[in-house]
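Chains as they are written, first to last, in our numbering: chain A, 1 to 321; chain B, 1001 to 1533.
Bear in mind the hints are in silico, worked out from the structure with no lab data behind them.
A hint or two may mislead.
The following label-pair restraints were derived from C-beta to C-beta distances [what the hints assert, rightly or not]:
(1) PRO240(A) x PRO1380(B): 15 to 25 Å
(2) ARG76(A) x GLU1391(B): 37 to 47 Å
(3) VAL144(A) x ASN1277(B): 30 to 40 Å
(4) LEU16(A) x GLN1532(B): 53 to 63 Å
(5) THR25(A) x THR1443(B): 34 to 44 Å
(6) VAL247(A) x PRO1380(B): 24 to 34 Å
(7) PRO1380(B) x LEU75(A): 38 to 48 Å
(8) TYR1281(B) x LEU75(A): 45 to 55 Å
(9) LEU18(A) x LEU1362(B): 56 to 66 Å
Everything numeric in this text was worked out from a predicted model, so none of it was measured.
Even for Gly, the Cβ is constructed at its ideal location relative to N, Cα and C.
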Amino acid sequence: MQAYVIRRLLEMIPVLILVTMLTFTLLLLLPGDPVEAMFEVGSNPTPEMMATMRHKLGLDRPIPVQYGMWLGRLLRGDLGRSTMTHIKVTEELKARLPVTLQLGVVAWFFSIIIAIPAGVISAVYRGKKLDILATVITIGGVAVPSFWLGMMLIILFGVKLGWFPVFGFVSLFDNPIEGLKHLVMPAFSLGVFAAAINMRQMRSAMLEVLALDYIRTARAKGLRERIVIWTHALKNALLPVVTIMGVQIGRLFGGSVVIETLFAVPGMGRLMVSSILDRDFPVVQACILIIALAVLLSNLATDLIYGYIDPRISLGRQTSK
Amino acid sequence: MKIRILWMVISCLIVVALVLVSCKAAPEEEAVSPPKEGSQYGGHLHVGTHWIPTSLDPTTSTSGPDLVYYYSIVNPLVAFDLNAQVVSHRSLAESWEFPDADTLVLKLRKGVKFHDGTDFNSEAVKFAWERVLDPTTPSASAGTFAIIKEVEVVDNHTVKLHLEHPWSGWMSALASGGGCPISPTAVAKLGEEHVFKPVGTGPFKFSEWVPGNYLEVTKNEGYWGVDDAGNPLPYLDSITISNIPDMAVMSAAVESGKIDVGQIADKDLDKFEALDNISVYTLEGSGSRPHIYLNGTMPPMDNIHLRRALHFALNPDIMNKAVFYGRYVVAKGGPFPTNSWAHYESPYRPYYDVEKAREELLLGGYPNGFEMEVAVYSDPGIVECAEIAKEQWAAVGIKANLNVYDIGTAVGKVMLNEELPLLFGSCGGQTDPGRRAETFYSTLSTYKTGMAYASPGEGKDIDHLIAQLSSCTDRQDAPPLLAELGDITQGDVWEISLLYRNDYFAYWDKVRGWGDDSFHPYYLVVEDLWIQK
Chain A
1 MQAYVIRRLL EMIPVLILVT MLTFTLLLLL PGDPVEAMFE VGSNPTPEMM
51 ATMRHKLGLD RPIPVQYGMW LGRLLRGDLG RSTMTHIKVT EELKARLPVT
101 LQLGVVAWFF SIIIAIPAGV ISAVYRGKKL DILATVITIG GVAVPSFWLG
151 MMLIILFGVK LGWFPVFGFV SLFDNPIEGL KHLVMPAFSL GVFAAAINMR
201 QMRSAMLEVL ALDYIRTARA KGLRERIVIW THALKNALLP VVTIMGVQIG
251 RLFGGSVVIE TLFAVPGMGR LMVSSILDRD FPVVQACILI IALAVLLSNL
301 ATDLIYGYID PRISLGRQTS K
Chain B
1001 MKIRILWMVI SCLIVVALVL VSCKAAPEEE AVSPPKEGSQ YGGHLHVGTH
1051 WIPTSLDPTT STSGPDLVYY YSIVNPLVAF DLNAQVVSHR SLAESWEFPD
1101 ADTLVLKLRK GVKFHDGTDF NSEAVKFAWE RVLDPTTPSA SAGTFAIIKE
1151 VEVVDNHTVK LHLEHPWSGW MSALASGGGC PISPTAVAKL GEEHVFKPVG
1201 TGPFKFSEWV PGNYLEVTKN EGYWGVDDAG NPLPYLDSIT ISNIPDMAVM
1251 SAAVESGKID VGQIADKDLD KFEALDNISV YTLEGSGSRP HIYLNGTMPP
1301 MDNIHLRRAL HFALNPDIMN KAVFYGRYVV AKGGPFPTNS WAHYESPYRP
1351 YYDVEKAREE LLLGGYPNGF EMEVAVYSDP GIVECAEIAK EQWAAVGIKA
1401 NLNVYDIGTA VGKVMLNEEL PLLFGSCGGQ TDPGRRAETF YSTLSTYKTG
1451 MAYASPGEGK DIDHLIAQLS SCTDRQDAPP LLAELGDITQ GDVWEISLLY
1501 RNDYFAYWDK VRGWGDDSFH PYYLVVEDLW IQK
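So here's chain A without its partners, still in its complex pose:
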């Protein structure tokens, strides 16, 4: 197991290098000059000032040299400075990453607590009203844009009822109650799409497992139906769902851009959007690196959890018998 984990971690390195190289090249090929983007219309920057800034940011060097310099700094733990604010990118990320993580984890949690019970109930009551209701809700969850859902939640729960704040963020570590109040609506908006997908997966997997012989045996032994469903069937049905959930972590990072902008959550998603528009290359590069790393790590975690849940799966050696 240890060797497997180390191998997977080492395999991440070339992937990350390729991602950063592609990102770097594509950013520089985008129309627009990051130095010109620093100055608003009418500020009339002098050519000397722009040349000085260009030199200070290293933008007057060839692209491979710029990339090499960036990679060299990265290996020393230096992600450079924002071209707009001039503060260290690591400082920006230190402030923003925990925000997105908290939002993503709570959203992911929402998706689990909705999807698993709903999927199980829908499978158990297949064809009945509960199943139809769950299916309709699921389709709605997939079809409804998260932006629109977020606005509706703001109007209903934020403005009309006044239950939750309509914008902003408080860290769960600073004030858990206020933090959760601020996260409920954005996390729900973000997690509902994942919940819908997971619910359908859960339902399909449960239907498959419930048709197996060992379930019939469990029932024949006289076990209560609750035990059969939630103890014996669910564990095996969770396997494909765990895979989907692990992959969704990367999606939650990307989907958070819209939700963070709507709810004014100061996370990485918002940072990335504003940085792309400002041609703030160091920040964009760092954000994409973090997202790539998150996706790779979540895939690794998924594989490890998979191996833990299903003892038949032997990581690092042969696959399941």
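Fit chain B to the given chain A structure using the hints.
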């Protein structure tokens, strides 16, 4: 076992959720209220803004909207109101004079200290400007302050600026950015951290900045400003300025009371005007939007008849109704709105007339129209207006291919790098026509949109005219020059102002002390606001 643990966690979350819903906010503390007619000391103001700051340090700010954040922390050397009249009780300079055309002498206010106890004096002013003029400091004020040859410290509270030439734009230059001194001690001590921990002389001092979230400032107990009755300012204990990118959420935040004042979208105006306990202030003429910049060095914009054809073909009234709910005002004149002292409407300015558009096309040698590439700001309202303009131009045979870019890229393509001939964008609130003319019309400007490039030898010595306007230190001398400049720039269509924008601010009635000078395009004057209990 694992399922049991999962259910326990789910049950706990449900309990927490029920607790949250039933939680009520803690009651606010009672504020101490000394007597003064109407005003009360104490309280907290929560302001919403959709702008993201590039810097909280005015010297290193590269964006006008940064004012909304730092204006409560610093004071300008010269403050002025929306009519460009000086507001001396908010200015760090008590008086000023021009002993000769190329010299400006400022007498600084005495007894003022920065928040860290450093004295505000001539050395601090000199430090601020030298920092602006340092090419390694990315300051939006650098281009403007380049006119300063030398900053001379005459005495502790007298500064003499030796200028390259007479400077009519001095007042607006000293009102923001490099004109707002910050503590040299703090800059030396904090270094680059000062960018987001500014130390100024303003009514409030920096407390906390959470990137992308909010700025919190607290009362400067030693503030030099007083109200009309001589009572110390400010009244408020603290202010939070929150960044809310989405205008719909901003409206919801005001309506729900989560913030006390914020800019609202045009479409929400009727709703807010009908609400109890909330008032709306209309800031008129905060800029020209949409606004078209033309690069006269590039075909087909080097052809005066084709430029006039473009202008004649546009009906901004349609844009106003379709995009801005009829809230804006159709522009009659140049980029200075009707309520600005520098407003001028040229008799040669084209207005919507399809037949005249076709005549100009004929005179320009393109009777069947022409095709051109257009850069468009990636602002939803601007894009919609550009689409309407495209159809209006198509009606006379002009085919416009729209290319949407972010603002920086769009400006670069048209005004700096001469890649595209026309920019469909917007124009922010302007205060000084000389400074604006230097930026957008002069052949000496970094921007290449000056038609002077396109019309050498036509007898219009625009640089000389701009120099005269820039030398007008007395505003009363400006109108004839503004008229002459306006006749050229509007008549020959150097740029096109289509609508004058209005901005709307909604605020809860408990916030008092608002005056005509409270709302500015990018900032609020907060030192004399209070919260009515």
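Between ARG76(A) and GLU1391(B), does the C-beta distance stay in 37 to 47 Å?
55 Å, violated
Quick check on a hinted range of 15 to 25 Å for PRO240(A) and PRO1380(B), using CB atoms only.
41 Å, violated
Determine whether the Cβ-Cβ distance between TYR1281(B) and LEU75(A) falls within the hinted range of 45 to 55 Å.
54 Å, holds
Is the hinted range of 24 to 34 Å satisfied by the C-beta distance from VAL247(A) to PRO1380(B)?
33 Å, holds
Taking the Cβ atom of VAL144(A) and the Cβ atom of ASN1277(B), is their distance within the range 30 to 40 Å?
Holds, since VAL144(A) and ASN1277(B) (Cβ atoms, about 33 Å apart) stay within the stated range.
THR25(A) and THR1443(B), beta-carbon distance inside 34 to 44 Å?
Holds: the Cβ-Cβ distance is about 38 Å, inside 34 to 44 Å.
Taking the CB of LEU18(A) and the CB of LEU1362(B), does the distance hold inside 56 to 66 Å?
58 Å, holds
Is 53 to 63 Å right for how far apart the beta carbons of LEU16(A) and GLN1532(B) are?
57 Å, holds
For the pair PRO1380(B) and LEU75(A), does the Cβ-Cβ distance stay inside 38 to 48 Å?
Holds, since PRO1380(B) and LEU75(A) (Cβ atoms, about 42 Å apart) stay within the stated range.
Consistency with the previously given hints fails for numbers 1 and 2, ordered from lowest to highest.
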